[in-house]
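With chain P's structure known, arrange chain S with the ligands on it following the hints.
Chains P and S supply the protein sequences, listed in that same order. For the first sequence, numbering that gives the first Met the number 0 begins at 0 and goes up steadily by one. For the second sequence, numbering that gives the first Met the number 0 begins at 0 and goes up steadily by one.
Only true hints are included.
Distance ranges between label pairs, derived from CB positions: (1) 105/S with 35/P: 40 to 50 Å; (2) 213/P with 16/S: 51 to 61 Å; (3) 44/P with 248/S: 52 to 62 Å; (4) 166/S with 229/P: 32 to 42 Å.
Quick caveat, the hints were computed from the structure, so don't treat them as lab data. We put the CB at the ideal spot given by N, CA and C, even for glycine.
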Amino acid sequence: MTTQPSFQCESLCIDLPGAPGVRRIIEDLDLVVRRGEFVSILGGSGTGKTTLLRTLAGLTPYSSGRAAYEGREVRSPVPGMAMVFQDYGHALLMWRTVRRNVALGVEGRLRDAELDNKVQNAIRMVGLDRFKDEYPWRLSGGMQQRVQIARALAMEPSALLMDEPFGALDAMTKASLQDQLLAVQAETGATVLFVTHDIEEAIYLSDTIILLKGSPAHIARRIRVDLPRPRDQIETKELPEYLRLRHQLYEAFRHEIHA
Amino acid sequence: MIATNAPAQAIAAGRGRRWAIHAAANTWSALQGLLPLIVLLLLWQVLGDPRSPYFPPPSTWAAALIDRTSAGDLAPAVLATFQSVAAALVLATGLGVGIGGLIGASPALERCLGPTLEFLRTLPPPTIVPVAALLIGVNQEMKLSVIVFAALWPVLLNTTSGVRSLHPTLLEVARSLQLGAIAQVTKIFLPALLPSILTGVRVAAPLAIIVSLLAEMLTLMPGLGALLLMAQRNFNAAEVFGLLAVVGSFGFIINAVLAAFESWALMPQGRS
Ligand SMILES: Nc1ncnc2c1ncn2[C@@H]1O[C@H](COP(=O)(O)OP(=O)(O)O)[C@@H](O)[C@H]1O
Ligand SMILES: [Mg+2]
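Just chain P, with the same shape it has in the complex (with noise of 0.2 Å):
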């Protein structure tokens, strides 16, 4: 057993293009995440808190320092990591079913068996059985993130990328995705990177929380959660260790307001 991390950022810098000329958003970022980690992302808007998990994807080119993914240098999108994008909408293919769509990712690469095998499997996973032959748009929001995870999970990723996933979703929803994506990753060992601006579902899900701060961007805490697994949306949140947190991370928000 290598005890090699998942991800790792040695002095990251970022720039995007911007009316001026290039903008930096990420500056000399350092992280580590183990594998199996459990870690979010979390920031107000525009901080660069998706910049930060494209370029993780692969998705977006970084000017120096290094990236890795187990050991490997990032620098386009790499076997073993699956992305979930915010906009359910245009990131599933309104055109297939539920089924369909959660074998894009692999159905070039497995034999039939095998395949519908996987597929069934993910479609298990975020409860969606009854609906595995219904198409996208005839889903609801909630339903539709979860083909879209779905479609993750089906590739067996070591490593799961999600930008805001439940952002756009009602607080109900919300909390049941949560629940969910905590089983998910518990059953599968997946590490997890998970891009959010909400306090509260930061800590209930990490195992570790990165604040993003500035501009450009750097790391302005690192927050481990030390609440115990599995959780639960009603008793985890009763827990003094998650009130301390939530109050010590508002605290911190609060000061960036009035920075």
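This is chain S with the ligands only, laid out in the frame that chain P set:
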């Protein structure tokens, strides 16, 4: 591809049935829309003078068409025109989607080709016929080229703008799933572009018919256009009107078939 099973077949059957109902409703409403035309023709029939050299009533058209049919001219002409139009539409769609897709995907290519294409597009297709006849000769290839030249633009322009309006997230999905280039095109981009492409084809179809008839009239190559011109030269008004009715129905049917295909093809996208 997942092995099909009962629920998938049920869905497919459901799609077929829903589509059939849809198509029947469309056909009915189209026929209702033709009612004024039918009334007009009936009035013409009742009030018209069968010996009029300019406005012979519909029954004489039918007689003229029957004459043409028994002379063995009509069916081959319809077939010739149909084959040219269909083949040209297929070619124009392939070319338009290919070129339009590349131009939409590459701003550099757009800069290189844009002005040239813009120039070609503004040339009226009828003026191309003599040039093509000189360059290619009066033959099937020439006819086809001229029709393709006219029918290409709507497909090309629609595809280009379709590519440009593909949602960025969809492009990222394609990349992050690490599908090969061909799989990306066939599984994601072509289906996503299908509505734009089909709109282009529906605009292109009447143009293809017009240019096909025109080429037949100008060159007297076999087809409805040539028959029309001959009838006119023989001062056979009944036959001219009869052929006009055939041309009208020809266009109407092609358009209806394309509309039905579009609604069937876009049904899974929830857009028909
Ligand atoms: N494609 C892009 N090109 C140039 N600048 C971008 C692009 N996407 C985002 N930005 C800029 O980068 C900054 C960070 O954006 P983003 O990573 O989306 O923030 P977050 O996800 O934290 O809200 C923003 O100021 C935004 O304007
Ligand atoms: Mg974002």
